[in-house]
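If you want the building blocks of each chain, they are given just below.
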Amino acid sequence: MADDATGMRVDTARAFRDAGITALLAFGLFLPLIGFETVTDVRNDLILTTRWLLLFAVVAVVGLGRLAYALAAEPWLKQRALLPATPAPVWLKQVGRWFIPFAIGFVVAYPAIVIATAGFSRAVKWIDNFGIQVLIYVMLGWGLNIVVGLAGLLDLGYVAFYAVGAYSYALLAKTFGFSFWLLLPLAGILSSFWGILLGFPVLRLRGDYLAIVTLAFGEIIRIVLINWVDLTNGYAGITGIPRPTFFGIPFNADDNGFAAVFGLEFSPIYRTIFLYYLILALALLTAFVTVRLRRLPVGRAWEALREDEIACRSLGINTTNTKLTAFAMGAMFAGFAGSFFAARQGFISPDSFTFLESATILSIVVLGGMGSQIGVAIAAIAMIGGTEIMRELDFLKVIFGPTFDPTQYRMLLFGLAMVLIMIWRPRGLISTREPSVVLKERKIIAADFVKEGHG
Amino acid sequence: MADADDILLRVEHLTMRFGGLVAVDDLSFAARQGDITALIGPNGAGKTTVFNCITGFYRPSEGRIALSHGDATAWHWLEALTNGGERNFTRGGGALYLLERMPEYLVSQQARVARTFQNIRLFLGMTVLENLLVAQHNRLMLASGYTLLGVLGLPSYAAAERAAIERARTWLDHVGLTERADDAAGDLPYGAQRRLEIARAMCTEPVLLCLDEPAAGLNPRESAELNELLLAIREQHGISILLIEHDMSVVMEISDHVVVLDYGVKIADGAPATIRDNPKVIAAYLGVPDKDVANVEAEVGL
Numbered sequence: 001m002a003d004d005a006t007g008m009r010v011d012t013a014r015a016f017r018d019a020g021i022t023a024l025l026a027f028g029l030f031l032p033l034i035g036f037e038t039v040t041d042v043r044n045d046l047i048l049t050t051r052w053l054l055l056f057a058v059v060a061v062v063g064l065g066r067l068a069y070a071l072a073a074e075p076w077l078k079q080r081a082l083l084p085a086t087p088a089p090v091w092l093k094q095v096g097r098w099f100i101p102f103a104i105g106f107v108v109a110y111p112a113i114v115i116a117t118a119g120f121s122r123a124v125k126w127i128d129n130f131g132i133q134v135l136i137y138v139m140l141g142w143g144l145n146i147v148v149g150l151a152g153l154l155d156l157g158y159v160a161f162y163a164v165g166a167y168s169y170a171l172l173a174k175t176f177g178f179s180f181w182l183l184l185p186l187a188g189i190l191s192s193f194w195g196i197l198l199g200f201p202v203l204r205l206r207g208d209y210l211a212i213v214t215l216a217f218g219e220i221i222r223i224v225l226i227n228w229v230d231l232t233n234g235y236a237g238i239t240g241i242p243r244p245t246f247f248g249i250p251f252n253a254d255d256n257g258f259a260a261v262f263g264l265e266f267s268p269i270y271r272t273i274f275l276y277y278l279i280l281a282l283a284l285l286t287a288f289v290t291v292r293l294r295r296l297p298v299g300r301a302w303e304a305l306r307e308d309e310i311a312c313r314s315l316g317i318n319t320t321n322t323k324l325t326a327f328a329m330g331a332m333f334a335g336f337a338g339s340f341f342a343a344r345q346g347f348i349s350p351d352s353f354t355f356l357e358s359a360t361i362l363s364i365v366v367l368g369g370m371g372s373q374i375g376v377a378i379a380a381i382a383m384i385g386g387t388e389i390m391r392e393l394d395f396l397k398v399i400f401g402p403t404f405d406p407t408q409y410r411m412l413l414f415g416l417a418m419v420l421i422m423i424w425r426p427r428g429l430i431s432t433r434e435p436s437v438v439l440k441e442r443k444i445i446a447a448d449f450v451k452e453g454h455g
Numbered sequence: 456m457a458d459a460d461d462i463l464l465r466v467e468h469l470t471m472r473f474g475g476l477v478a479v480d481d482l483s484f485a486a487r488q489g490d491i492t493a494l495i496g497p498n499g500a501g502k503t504t505v506f507n508c509i510t511g512f513y514r515p516s517e518g519r520i521a522l523s524h525g526d527a528t529a530w531h532w533l534e535a536l537t538n539g540g541e542r543n544f545t546r547g548g549g550a551l552y553l554l555e556r557m558p559e560y561l562v563s564q565q566a567r568v569a570r571t572f573q574n575i576r577l578f579l580g581m582t583v584l585e586n587l588l589v590a591q592h593n594r595l596m597l598a599s600g601y602t603l604l605g606v607l608g609l610p611s612y613a614a615a616e617r618a619a620i621e622r623a624r625t626w627l628d629h630v631g632l633t634e635r636a637d638d639a640a641g642d643l644p645y646g647a648q649r650r651l652e653i654a655r656a657m658c659t660e661p662v663l664l665c666l667d668e669p670a671a672g673l674n675p676r677e678s679a680e681l682n683e684l685l686l687a688i689r690e691q692h693g694i695s696i697l698l699i700e701h702d703m704s705v706v707m708e709i710s711d712h713v714v715v716l717d718y719g720v721k722i723a724d725g726a727p728a729t730i731r732d733n734p735k736v737i738a739a740y741l742g743v744p745d746k747d748v749a750n751v752e753a754e755v756g757l
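Chains A and B, in that order, give the protein sequences.
For what it's worth, our numbering labels the leading residue of the first sequence as 1, then goes sequentially.
For what it's worth, our numbering labels the leading residue of the second sequence as 456, then goes sequentially.
Calculated from the structure, these hints are not laboratory results.
Glycine is no exception: its CB is placed at the ideal position from the N, C-alpha and C atoms.
Be aware that a few hints might be false.
Partial chain A-side listing against chain B, Cβ under 10 Å, derived [what the hints assert, rightly or not]:
(1) 293
(2) 311
(3) 441
Generate the whole structure from the sequences, applying the supplied hints.
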């Protein structure tokens, strides 16, 4: 037994008991996972080997970690909880004020920064794999945020609208040769039409039931895409989708291509930079429209719907229409993102629109904090950007051997991040709510009051 | 039908069955324009069910619930409207609504009947001011051109929003919550939440305000303030009130007309003074048959 300064006791016996139990659990869990290994020998037979040293190392780390937490971290956390909350320091408030302009400035300057640091030839990878990829998910996260974060309707099939947008662009552009700029709004309209179509049958459902039906809807779209071979070419997907042009000037090595017209040496980077600014503009449009909508009666009705649907109806709000507009708006932005995706890839197949995509977008929204634009953007950067960065961590091969591939651990790290966030911030990174209208003084609303919605 | 020209709400033969249970049985009463009508009865008497029927949350099994706006001559068309199968009827300065044919949001939007709930239903994660703006949704929706003009940021919407904030502010002053306008509704103490719910209902600009146990959980001082507020709503804004209440100090003090329900059946209907002495009402509240009332009263010392 040890007493610390505040007179709080650290129960050493309990700490050791807990550590023992934790180590035992870890042993039980990791014995089959780490303790045994099957390898093929020279005659191609499977033989069982054991890795006792590694197993005991892992168990020891877990047990000692639990002991350290109980002896050191827990008393410290308890003591800190007793202290009055310190107000945010002044510099943090300054950072808060300049964060959004700085972030927008950074993403606008991003291609230039990458070219300056990584060089002209390596920059394509960073702008395409990192910048464009992250921005697509930021946009999808913001779109889903309208449905899940604002209106509180749990949608597990969001990727279906992304697929509708992508296939709309691919099929209409290939069949009729319409331009990207015509098909972008058209894909959005078609997607929101499907959003309304989904909305009608599920309006009466709430919570788990709504989630299951939206999940099924996502699968229906994907399976139709696989099986309607005449239209979609099934698993093989659609190839040779026309790429967007710079207002009529194609990005190719021809004499009338972008590089030749502007007197530059041909390089694929111009198209990449153009696509980067295109998706940036689309994402910012999504953010701008969402911010505007939140301050309009329809946005307030969405949030009111999340808070209490019955009260909404008693105030004369047509909840059917309100839910349908939320579905349609969310689906429209997914449609925009989908048509951009098809135009950027030049190839789409049903494999790009699996449930895992919906789950990724939803976890971006949940991790970021439902309803928070900045939180969702940060979560998208962390999750999608984090995955891309893992491909770059070649130095780990030096430590773990040449067969080590960090991207294989992507899902493990996702899960770990999820668990940690749910412990540390159960309502997501940014869980507070900004009021949409102010009489005298802008006060941030604590997460405890804000509901998560129930379907 | 025109026995009284100033009738606002007429409930006739209202019956509500849930499976085999008859929650409300052949209830008829009328609420007059400008009156505070109280609906009282022991627990489980069916008061809230009646409220839910009037405000469109339940569709009654049988019966007619009619509400008139403006010119009382509208009542002359009641039978024609009922037989015609329409929901409402407008002619000249009068309008007539058959509430049992309308979904709850149209009862609020068109027939302009506002309500509060027994267990307060505020938008707790939104500020007090936002709660009052959500109540003005339909007017603001029109002003924002069903969102299209609003997204483009046209000035007509900004003006409409300023007017809505002004209206909200007026009601905040009435209920004494102006200082807390920018706080989350969930942050308010219980009594203030009750008042905010009434203010929110008033922001829909109703002709009839239905309050489900507004004094529940209030202390005597808050209860007295509530009486003043309700009387002010009636005097200054000419709004009729329909009230479910257990707190007899509220019922007896402010209501003009009391309807008593027991097991879904109306057992008394009249001025508060006559209700107070009605043996049937006392029997219902004490939970004993009529003939035993005298004995039980002697026992409990009434």
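Which earlier hints turn out false for this structure, listed by number in ascending order? none
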